[in-house]
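Novice: The whole structure should be built from the sequences, with the hints applied where relevant.
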Amino acid sequence: MKRREFVKRASKATALAAVTGIGGWFFHDRKWFIYEPAIVNKPDFEVASNSTLPRLSLTRDEDHIAALRDALNAIGGIRRFVKPGERVTIKPNVGWDRTAAQAANTSPLLVGEMVRQCIKAGASEVIVTDVTCNEARRCFLRSGIRDAAEKAGAKVLLPVEDDFLVMDLRGKLLTNWPVLRHFVETDRLINMPIVKHHSLSSCTIGMKNLYGILGGRRNQLHQEIDQSIVDLAAFSRPTLTVVDATRVLMRGGPQGGSLDDVNIEHTVICATYQVAADARAVEFLGLRADKIGHIVAAEAAGLGVIDYHKIGYRENLG
Amino acid sequence: MTIRTVRNLRRFSQILFFGIFFWLILETNFEVSFNPDTISEILLPYPVSIALQFDPLVALTTLLANGTLYKGLLWSLLIIIPTVFIGRFFCGWVCPLGTLNHWISEIRSERISFRGKGRMESNRYRKYQRIKYYIFLFVIAAALFGTLQSGLLDPLPLMARSIGTFVLPTLHASADGILGWVKSFGVKPVSDAAQFIYDLIAPLILNFRRVYFHGIISIAILFVGIMVTNRVFTRFWCRGLCPLGAMLGIFSRFAVFGLEKDEKTCDHCNLCLLNCQGADNPDIGSRWRQAECHLCLNCQASCPRGSLSFKFFPTLEGTKTNPATVQQVDITKRKTVLSLAAGAALFPMLRSGDAHKINAESKLIRPPGAVAEDDFIARCIRCGQCMRVCPNNALHPTLMESGIEGVWTPILIPKIGYCEPSCTLCGQVCPTGAILELSMAEKVGDKDHPPNRIGTAFFDYGRCLPWAMATRCIVCEEWCPTSPKAIYLKEETITDRQGREVTVQRPYIDPNICTGCGACEFACPVNDRPAVYVTSVGESRSPENQILLRRKNPPSVVKGGTA
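Just so you know, the protein sequences line up as chains G and E, in that order.
Residue numbering for the first sequence follows the numbering used here, starting at 3 and increasing by one per position.
Residue numbering for the second sequence follows the numbering used here, starting at 13 and increasing by one per position.
Any given hint could turn out to be false.
[Unchecked claim] Only part of the chain G face toward chain E is listed, based on derived beta-carbon distances under 8 Å:
id : residue
1  : E137
2  : H224
3  : S260
Quick caveat, the hints were computed from the structure, so don't treat them as lab data.
Every residue, glycine too, gets a C-beta built ideally from N, C-alpha and C.
Specialist: See the structure below:
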């Protein structure tokens, strides 16, 4: 081997050895995957309270759109809640691949009307979305909500994997959990539950509907359903809760299926207090709020009061 | 029209049919719009499996195996009848797998750029090309006895299966992976650009959501293997292995269209041989083989002296340098008999094993509307269309769950996806009637029909939270879609380890109501092996695979009260 060649080869060999060694040293015991959840302020979309207005209003009217308008106007009208240029997310319950008549999902009529109200108030964008249980496309189609919301001018967004943010919910039970970003990255959140029977929590109304802002393995939440609902209700404060009690699923909830299980009530409730809304709506199921674990726990956690007569309740039974 | 124009027409035809085929598979997807007020069932807007119904091998083998031509399979006459007169035009002009093999074979490589004797010799007719006839005869005989194996190697089902369950899901995973990687740098303009490109591509070729398939690697190996062999021999698959090509070759036995060679003008430049796709000996000096020719017309188009021409009623010279004789397929009687006998023997051999019914895998859950197992095996061509269309990613290709006989037939894996009660898409896309089309009433049942059942759910109480862990959970009951629910709860007060009283609702199954949809298994929070699971027993399609002597009517619900 010539000297020149020796020097060349030896230096290349040394360089390769050095790169390998330094590389090994550099990557040694390095923790790339330290998991940092997004810390965002709690999504509080509530409006300032106004003591001259009721906090809870109920209207019974066979014209469901009129019922919604009346109940909404009684608590201040849409302009109190949505200001021009704001981005609004509406969260109906679109949990299941069921038709509107089966009363497992929020009425598309009401969702459509709510969208129109928001647009009328000058919302820059109205998003309708939900993290469904059954396949999202089927739920949004069969419930009629996609059609109604799109016709009314909303953007219907089906949840996709990329749209979940892992957030620290800072609850007693719920900490790091994936949340659909449209429910936190918005200006106003309108929760639009339907009143349904549920075997574990007795009822699925407003606060339970917030399960639908989460992704991940939410089937584990049922193990401590009351605390997880309270944690969610403490985390996410909707501007407005609009309860669909036009049809009420009395049995076989939360999915239903049989029309025999549905009571027709023609009622819409609008509320700025989630706890009060649930407390009133649960009566449609023949239940009392002070017997419902998660509603009682929510009151105990200071999220609202069960005795809705105390906080300004107005009803119009048509 | 010059021969070069005709060759360009052939190229155009290949692109067109490949495009149509690919598009149909992309459309085999739950991307439909419907209004629930006007229509109760979700119907696909296009007959997405129609390409498979043009396949004569599908038609012939399903006909032999079950005695009928299902639905649109009569379309295959449009391929087979012209083939009788003009030869294997399908292979050169239409077949999407043939086209793909053509393209992959033509990509530049050491073999292609070395334009010499090696390539020419590789394009001569070789004995390995007989293998496809043996395969064809084998599957034909097997089909006649009732086991349909043609779909494993039939190019159209193979292509549909490979694209649907391997290529597209892999593309999706790659696209997501690349996007995530680019975004991980955290440079906003770069991330935005990547997202923009992704959003541009996604609606064209990616599913609404990622899908995952059981046994994907076995499908990938065959498909990639076929692609790779093109780098060794031009269109090795088409020449040597394709049973559909063999069938079309046999049917072109009496073709009236063929290659006429003029030895007087030929100067033996061998350009024809160099460009030959089918290895059918277009050159002067060897015998042209109709059954191998794909009618790609490369030989005629590349001949500088006009010595070759495709014609109706060609004069087949019988000289020493142009040794034309009667056209026949190059297989001996002995081998024909042997292949048929082997195919025939396959059936009793397979059925002497235990995988078919005798000791069938308990988790072999077939799609809703699937016919009884004997008939199912006689119909399923393993095209994977049901797996592609399933909106819940519930249907998967089997590996060994239904024995070697049923490789890549559909199995429902509830842990990955359950069967949506209101969905009948798999029956809509099945091209051979292995899965029958169900109406909504037949699927979920009504006063006149019992529901279609695919199995029955069972509890593994040792893993169930309220049963074994004094923990509240009702998720299976919540998800149970029947009305009334097949899963019912009984409230029980038990004591936990510390002796505290805990009230739990313990779930039970009512086998009279359960349809085996698997929603409970899918939703169970016991992630790795769910505490509730479905097995095939009780499936509507089988008279034998049952539990109850008689299924009672569901108990009537007491009106008024709430649970």
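Novice: Just pull the numbers of the violated hints for me, sorted ascending.
Specialist: none
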